[in-house]
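In the order they appear, the protein sequences are chains A and B. Going by my numbering, the first sequence runs without a break in its numbering and finishes at 376. Going by my numbering, the second sequence runs without a break in its numbering and finishes at 202.
Quick caveat, the hints were computed from the structure, so don't treat them as lab data.
Capping the alpha-carbon separation at 25 Å, the derived lysine-lysine pairs in DSS-like fashion look like this: (1) B:Lys188 <-> A:Lys16; (2) B:Lys177 <-> B:Lys188; (3) B:Lys99 <-> B:Lys177; (4) B:Lys177 <-> A:Lys24; (5) B:Lys42 <-> B:Lys130; (6) B:Lys188 <-> B:Lys130; (7) A:Lys336 <-> A:Lys348; (8) B:Lys131 <-> B:Lys42; (9) B:Lys177 <-> A:Lys16.
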Amino acid sequence: MNCQEVQLQLSGYLEKSLDAIRMKSIETHLSSCPFCRAEIHGLSECIRQVAELPMVELPAGFTQRVMAHAREFEIEPTAWQRLIAAFKLTVPIQAAAVVLVGVLAVLLYQKDPRDRTVAFTDMTSEMVFAPSLIEEKTNSPATAPEPSRRDTKRESISPVEPAPQSVVQPRRPTAENIVLKDASTAPESPAVAKAEKALEKSLDERIAAPRRPAIQAQEVSTASESRRSSADALGIGAAIGALSRTPFRGAPYSAERSLSPLSEPSPDFEFVVRRRARERIDQTEGASGAAARKHAEADAPASAAFAREQIAPLASSVVEIRWFTVAPEHYEYFRKDLAAEANIESEKSTAAKEKDSAVKSSRELLIKVTILQPER
Amino acid sequence: MKEPSNPSESMAPETISDAACVRRLQRGDINAFEILVRRHEKAIFNLVYRMLGDYDDAAEISQEVFLSAYRAIGQFRGEANFSTWLYRIALNHATTRRKSTNSRQKRLVPLDGSEMIDDGQIGPAETLEKKELRERVQRALNELEPEDATVILLRDLQDIPYEDVARMLEIPVGTVKSRLHRARQALKARLAAYFSAGRKVV
Numbered sequence: 001m002n003c004q005e006v007q008l009q010l011s012g013y014l015e016k017s018l019d020a021i022r023m024k025s026i027e028t029h030l031s032s033c034p035f036c037r038a039e040i041h042g043l044s045e046c047i048r049q050v051a052e053l054p055m056v057e058l059p060a061g062f063t064q065r066v067m068a069h070a071r072e073f074e075i076e077p078t079a080w081q082r083l084i085a086a087f088k089l090t091v092p093i094q095a096a097a098v099v100l101v102g103v104l105a106v107l108l109y110q111k112d113p114r115d116r117t118v119a120f121t122d123m124t125s126e127m128v129f130a131p132s133l134i135e136e137k138t139n140s141p142a143t144a145p146e147p148s149r150r151d152t153k154r155e156s157i158s159p160v161e162p163a164p165q166s167v168v169q170p171r172r173p174t175a176e177n178i179v180l181k182d183a184s185t186a187p188e189s190p191a192v193a194k195a196e197k198a199l200e201k202s203l204d205e206r207i208a209a210p211r212r213p214a215i216q217a218q219e220v221s222t223a224s225e226s227r228r229s230s231a232d233a234l235g236i237g238a239a240i241g242a243l244s245r246t247p248f249r250g251a252p253y254s255a256e257r258s259l260s261p262l263s264e265p266s267p268d269f270e271f272v273v274r275r276r277a278r279e280r281i282d283q284t285e286g287a288s289g290a291a292a293r294k295h296a297e298a299d300a301p302a303s304a305a306f307a308r309e310q311i312a313p314l315a316s317s318v319v320e321i322r323w324f325t326v327a328p329e330h331y332e333y334f335r336k337d338l339a340a341e342a343n344i345e346s347e348k349s350t351a352a353k354e355k356d357s358a359v360k361s362s363r364e365l366l367i368k369v370t371i372l373q374p375e376r
Numbered sequence: 001m002k003e004p005s006n007p008s009e010s011m012a013p014e015t016i017s018d019a020a021c022v023r024r025l026q027r028g029d030i031n032a033f034e035i036l037v038r039r040h041e042k043a044i045f046n047l048v049y050r051m052l053g054d055y056d057d058a059a060e061i062s063q064e065v066f067l068s069a070y071r072a073i074g075q076f077r078g079e080a081n082f083s084t085w086l087y088r089i090a091l092n093h094a095t096t097r098r099k100s101t102n103s104r105q106k107r108l109v110p111l112d113g114s115e116m117i118d119d120g121q122i123g124p125a126e127t128l129e130k131k132e133l134r135e136r137v138q139r140a141l142n143e144l145e146p147e148d149a150t151v152i153l154l155r156d157l158q159d160i161p162y163e164d165v166a167r168m169l170e171i172p173v174g175t176v177k178s179r180l181h182r183a184r185q186a187l188k189a190r191l192a193a194y195f196s197a198g199r200k201v202v
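Take the sequences, apply the hints, and build the full model.
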């Protein structure tokens, strides 16, 4: 061993952390090398001097000052941080990620290349809804009963949105995608349902964790989930999301969601409306949807027509009941909007007297809208 | 770990593990934080003091360290020991302060007059000589690169195992060893004049 090698290992030698052979050879070298001996002496002095630095006492009242300041603060771990700390969710999160990648891959590769490009556009627009969808799920166990009420809470479906359908339909043209992407209530294949279950489980636990990549698969799983979920604690964000997508955009009324699921309230008005045939409704879609559809149809008119035929039968199986609260002074606007979206088959004021008094007391009107399947 | 129904009262503080204290703190029990502060304040304060070489700065930074830990406790997930995590916070704060102090002014290390020496056996003359030596060592530490001073203080002053030092600094153990060797060489060079002047080293 030469001096250079020894120098490099002197620290280890001083701490006796080297193996026996090296210790021995360094010892041998030291006995014959005054330079390295001086070196090791200096090093050990250094270590000793630092080690002998005395412990200093804390300033008086240090603990009390820290605690006094601490009491002024709130610890603010986010809800999901608390959950993760409590359950150590790393494994479910990884599982969810794996499922997610799988579902995404299937979705993307079932489309042909032309559709694939547009699929990304869809995803981005759907991302907006993911938080509300996750929230829905979180609340589902507590409010499982009463199916019709739950339907009214489906956040992202416009009142006259027609056809429930599966998001995973592979050949669905993009135009329809945009129009219908939230109306995903059709029954799905067992495989998808299974994936859904896994996703739902992990997502439930994570609550609204900011893991955006889950979005696309989330949308898939919503298909059946939304029926099981209910509304009690839905956030404002979800409500806004729903409204901004409905034809009632900007109108000063909202889908009612704070009702107890156990007792049906008596509405001030009851409407029975019938959805129009598919094409009519398309015309009333929001401007952006129409524009996007137009663009997409220019690309693929044939497949768009094809898909419409496929979807129509699915649509006919749904009857929805929706609840709205409307300020009395906006009631006429509401009715007009409703008439513009669907054919009003019957309209009754179930509590005419109360309505008058409600107008006087400026209480919000509760309106029940029963949506029938379109006539074939 | 057994969780008593009323944890604040039913267990003596010294029998509760750091991890249990952290869990209680994360549930909002501020008494658990006091246990953690009392348990770690002396080590943290001494580390920060040796990093900075200034008693008042050390008091200020140490307080910041504990309050930062308190506010961030929701992010502590228990992958590391609480003490490792706390040390990491302390090293970050101390290094930042040290760098800003160095850039502001090349400050002389104040005399260790604030130290309270609890060893009553040292006579006055010896104490004076020791004191001079300590000031010298502290000054040398202050002149080192912060990373070098850090690794020396963790290993040689606080006697923390290599594995824990590696976790605190988030570098491999091998890197800790080579950095420590380099740091000791640098410290030795700074003290060399003192030693070679023939002074009797106590």
